[in-house]
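Protein chains: 4
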Amino acid sequence: MIRVTIFNEFKHEKEDERVKAIYPDGIHNALKKGLEDEEITVKTVTLDDEECGLTKEALDNTDVLMWWGHMAHDKVPDEVALRVRDAVHEGMGAVFLHSGHHSKPFKLLMGTSCNLTWREDGDYELVWVTKPSHPIAQGIGRFIKLEHEETYGEPFAIPEPEETVFIGSFENGEVFRAGCCFKRENGRIFYFQPGHETFPTYYNEDVIKTLKNAVHWANPVYRTKIDCPHVGKPLE
Amino acid sequence: MIRVTIFNEFKHEKEDERVKAIYPDGIHNALKKGLEDEEITVKTVTLDDEECGLTKEALDNTDVLMWWGHMAHDKVPDEVALRVRDAVHEGMGAVFLHSGHHSKPFKLLMGTSCNLTWREDGDYELVWVTKPSHPIAQGIGRFIKLEHEETYGEPFAIPEPEETVFIGSFENGEVFRAGCCFKRENGRIFYFQPGHETFPTYYNEDVIKTLKNAVHWANPVYRTKIDCPHVGKPLE
Amino acid sequence: MIRVTIFNEFKHEKEDERVKAIYPDGIHNALKKGLEDEEITVKTVTLDDEECGLTKEALDNTDVLMWWGHMAHDKVPDEVALRVRDAVHEGMGAVFLHSGHHSKPFKLLMGTSCNLTWREDGDYELVWVTKPSHPIAQGIGRFIKLEHEETYGEPFAIPEPEETVFIGSFENGEVFRAGCCFKRENGRIFYFQPGHETFPTYYNEDVIKTLKNAVHWANPVYRTKIDCPHVGKPLE
Amino acid sequence: MIRVTIFNEFKHEKEDERVKAIYPDGIHNALKKGLEDEEITVKTVTLDDEECGLTKEALDNTDVLMWWGHMAHDKVPDEVALRVRDAVHEGMGAVFLHSGHHSKPFKLLMGTSCNLTWREDGDYELVWVTKPSHPIAQGIGRFIKLEHEETYGEPFAIPEPEETVFIGSFENGEVFRAGCCFKRENGRIFYFQPGHETFPTYYNEDVIKTLKNAVHWANPVYRTKIDCPHVGKPLE
Chain A
-9 MIRVTIFNEF KHEKEDERVK AIYPDGIHNA LKKGLEDEEI TVKTVTLDDE
41 ECGLTKEALD NTDVLMWWGH MAHDKVPDEV ALRVRDAVHE GMGAVFLHSG
91 HHSKPFKLLM GTSCNLTWRE DGDYELVWVT KPSHPIAQGI GRFIKLEHEE
141 TYGEPFAIPE PEETVFIGSF ENGEVFRAGC CFKRENGRIF YFQPGHETFP
191 TYYNEDVIKT LKNAVHWANP VYRTKIDCPH VGKPLE
Chain B
-9 MIRVTIFNEF KHEKEDERVK AIYPDGIHNA LKKGLEDEEI TVKTVTLDDE
41 ECGLTKEALD NTDVLMWWGH MAHDKVPDEV ALRVRDAVHE GMGAVFLHSG
91 HHSKPFKLLM GTSCNLTWRE DGDYELVWVT KPSHPIAQGI GRFIKLEHEE
141 TYGEPFAIPE PEETVFIGSF ENGEVFRAGC CFKRENGRIF YFQPGHETFP
191 TYYNEDVIKT LKNAVHWANP VYRTKIDCPH VGKPLE
Chain C
-9 MIRVTIFNEF KHEKEDERVK AIYPDGIHNA LKKGLEDEEI TVKTVTLDDE
41 ECGLTKEALD NTDVLMWWGH MAHDKVPDEV ALRVRDAVHE GMGAVFLHSG
91 HHSKPFKLLM GTSCNLTWRE DGDYELVWVT KPSHPIAQGI GRFIKLEHEE
141 TYGEPFAIPE PEETVFIGSF ENGEVFRAGC CFKRENGRIF YFQPGHETFP
191 TYYNEDVIKT LKNAVHWANP VYRTKIDCPH VGKPLE
Chain D
-9 MIRVTIFNEF KHEKEDERVK AIYPDGIHNA LKKGLEDEEI TVKTVTLDDE
41 ECGLTKEALD NTDVLMWWGH MAHDKVPDEV ALRVRDAVHE GMGAVFLHSG
91 HHSKPFKLLM GTSCNLTWRE DGDYELVWVT KPSHPIAQGI GRFIKLEHEE
141 TYGEPFAIPE PEETVFIGSF ENGEVFRAGC CFKRENGRIF YFQPGHETFP
191 TYYNEDVIKT LKNAVHWANP VYRTKIDCPH VGKPLE
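Protein chains in written order, with our numbering: chain A, -9 to 226; chain B, -9 to 226; chain C, -9 to 226; chain D, -9 to 226.
Be careful, since some hints might not be right.
When chains are identical, the list treats them as one kind, so a pair holds in a single copy or across two.
Claimed, not checked - Cut-off 27 Å, straight-line C-alpha distance, at most; resulting in silico cross-link-like pairs (BS3-like, lysine-lysine):
| # | residue 1 | residue 2 |
| --- | --- | --- |
| 1 | LYS22 | LYS46 |
| 2 | LYS135 | LYS215 |
| 3 | LYS173 | LYS215 |
| 4 | LYS135 | LYS46 |
| 5 | LYS223 | LYS46 |
| 6 | LYS199 | LYS223 |
| 7 | LYS65 | LYS223 |
| 8 | LYS173 | LYS199 |
| 9 | LYS215 | LYS199 |
| 10 | LYS10 | LYS215 |
| 11 | LYS22 | LYS135 |
| 12 | LYS135 | LYS223 |
| 13 | LYS23 | LYS1 |
| 14 | LYS215 | LYS4 |
Please keep in mind that the hints were generated in silico from the structure rather than gathered at the bench.
Please take these sequences and the hints and turn them into a complete structure.
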């Protein structure tokens, strides 16, 4: 059983009627409902929980952390962001969603600003599979069609991804590296761009399939801190 | 002075009136005219030349080889293709254009089929810069606009590029990794997708600027064969 | 059950008494004995088999191909080498051992000469783990100690590996990228340097553990040919 | 003229007689003397300078920053470390030396702990060239021989380098990725392991040649902040 923790800042859904209409129980609960099956179990935490619900103990009991945030990135305490970073270093998997590109832990793990260009026009998006044999793309056809998404565009200020599994194109011509894999020490990281709060992206079956695949891919085979030991000679 | 050799199969321009109208002297001569300046000198060779004009001596005197081919890839003798591959291994730069993705030397250097999906509808293309600080993107804005191009789509069966400098989007929604960097032994390779024979792509100023940049980037700093020597102990 | 096929050229073991003493039934049978368990089943083929035992049908029924060759690389017919390459493109995993760096299929897949420097002094080797969380390194300590190995040295003329999991150091100071991961289209490739025919490397428990891990890692999740289709507009 | 700024914490040289004997004017001045030529000009700053000498203005006037630190990493103010990180994002080159792997800016740029194993035995080191055509390896033979160095060993907790140009082996068998290239947004980063304060490494001609090459390689072609703009439709 893979233990997933979903962090959602859970602000838009309480403040914006349009968002509330789509995700009445919050994005985290829509994702939980989509992801849970006989191999994945999900806990949810939100910004208003003490320490964002992301205590050392919570992270120690998380195989893969999923992160959705947008308007309140700076409300996540630095110590929580650093704790998430360190848990990834030790092996915890992490899946950052949509505007989570600007979350503190993602920026700490990338070492870059993760800036991008954007526009909110309700463009349709085609999320193309570039690596059909990648574990995260299994079961997806040539592309995922999303009726409406926030438009994200290049340059996306990330390090060159180890693998680019999806590239999105938008109705008015932008492109964006929509699904990117990274490793940081013992942990695996997947960034997935779709998921603007004003559109029902997380009810799309292909999106959910992709996220389930990502959970399996990021699930650690090994978890320990890489330390900085003084060592003796190897042959003694 | 960087010595560029342009190989063009030079078939379409003689057989198809539409192509002849755009490139009356052949794609190679349009490129030569665009590329030559105080730092770049160009020789051109074609499929009908003896050994495609790509003798050992010709390659030894080439800093960067540029390749355009489409309908007659199989007419390039295997020994010429292998000679080009070996010259790249030794350090010669190589720029493969458009349908050159299926040329023998490119496939030999990639180790893959380099297949892709395609459609010929005259879609417009936006060629987006993903790495604005890359030497090959200098002087280009956010994207290059091409009124009409052949549509290429993913998956593009290449190894994960070392750097993806451009991603193209097409009028009907396809995306394609349009500008990709690779190294093979001592040689640098750039693949650039624009350049269908029925459109005047090689008269576009941004395309020419990109290709000039690519020539500078691929120009070798070092050229020698990596051999397989029996060696003595390093400290004797 | 993962279906492994081991190709061994099986020449040294018949011609050289020292090798015969170590591998009386051939390297392939020593490997088969080491690898087979409740999850892995092994077939063996050799150079003297018709078509090297690597018919289209044999490859279609192989999940992961393991390759040992040294003195007779050029006796493998080109059509067999190309068939292996194409099977990897479709998704078959491949593990190339030791002097298999110069085998035809490995060179075809890399797109380089795969040259290296070498010396046969019976140096000890320490094979260091650089990525402790990589699936192929599971169960291995900080390094594998081999009493004697053929010395391989840099430069190793391969493309930059997607992941370098092991780096070996030798008694007299050489280093070598000993365990390297690549992907080519849908197939995964692992190169592992230890395994000279005059030393009992393939009886080492850590080496066998590494190769079992590599078999699991290279086992395809997806297998199909990436073709070059003419496609319609995505939104029609 | 490339404008290099060398930051040295300049502590060991004042506190430890052995170090003072080797670098009486500090490591920074030894490096300055080695690096300056008709193409490179050097300024030096130290930890005791106000803001470490790394004001916004100083960084704006630096093409490539070189960093040596060891015992006082935590004395560098966070705001200075972040300022250095941001300057690299904008395009400033950076060369981190030896124990600079644990400096605040390097860790911020990598997104990892940059831990490693270590031992101080005065082992000799051979620093092997793995990519002879890389600009940073020009003029270096097969390896650089250092009589004595601090021993660094794997695992080195960095992201997979974009290029590994040097791998070091030590007298007692350790290996270490000694010369690694990274890009972060518009800036290029080179890490180079040799340079322990108790050995005269920075008087070695090959080391100086490597560092000069690194300065040229990291010198930016382009410098600007990648921002996060709201953009209009590309075709309007």
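Now for the hints, and whether the structure bears them out:
1. In this assembly of identical chains, the alpha carbons of LYS22 and LYS46 lie at most 27 Å apart only when taken from the same copy (22 Å versus 45 Å across copies).
2. Taking CA atoms no more than 27 Å apart as the test, LYS135 paired with LYS215 passes between copies only; the shortest distance there is 24 Å, against 40 Å inside one copy.
3. Proximity of LYS173 to LYS215 under the C-alpha cut-off of 27 Å is found in both arrangements, the shortest distances being 14 Å within a copy and 25 Å between copies.
4. Taking CA atoms no more than 27 Å apart as the test, LYS135 paired with LYS46 passes in neither setting, with 38 Å inside one copy and 37 Å between copies.
5. Neither within a single protomer nor between protomers do LYS223 and LYS46 lie at most 27 Å apart by alpha-carbon distance, with minima of 35 Å and 44 Å respectively.
6. For the homomeric pair LYS199 and LYS223, the shortest alpha-carbon distance between copies (24 Å) is at most 27 Å, but the shortest distance inside one copy (49 Å) is not.
7. For the homomeric pair LYS65 and LYS223, neither the shortest alpha-carbon distance inside one copy (47 Å) nor that between copies (32 Å) is at most 27 Å.
8. For a Cα distance limit of 27 Å, the shortest separation of LYS173 from LYS199 qualifies both inside one copy, at 22 Å, and across copies, at 23 Å.
9. In this assembly of identical chains, LYS215 and LYS199 lie within 27 Å of each other by CA distance solely across copies; the values are 23 Å between and 31 Å within a copy.
10. Within a single copy, LYS10 and LYS215 get their C-alpha atoms no closer than 40 Å, and across copies no closer than 36 Å, so neither meets the 27 Å cut-off.
11. When the C-alpha separation of LYS22 and LYS135 is checked against a cutoff of 27 Å, the pair qualifies only within one copy, where the shortest distance is 22 Å, while the shortest distance between copies is 42 Å.
12. Taking identical chains as interchangeable, the C-alpha atoms of LYS135 and LYS223 lie at most 27 Å apart only when they sit on different chains, with a minimum of 13 Å there against 57 Å within one chain.
13. In this assembly of identical chains, the alpha carbons of LYS23 and LYS1 lie at most 27 Å apart only when taken from the same copy (19 Å versus 57 Å across copies).
14. For a Cα distance limit of 27 Å, the shortest separation of LYS215 from LYS4 qualifies neither inside one copy, at 38 Å, nor across copies, at 35 Å.
In this structure, the earlier hints numbered 4, 5, 7, 10, 14 are contradicted, and the remaining ones agree with it.
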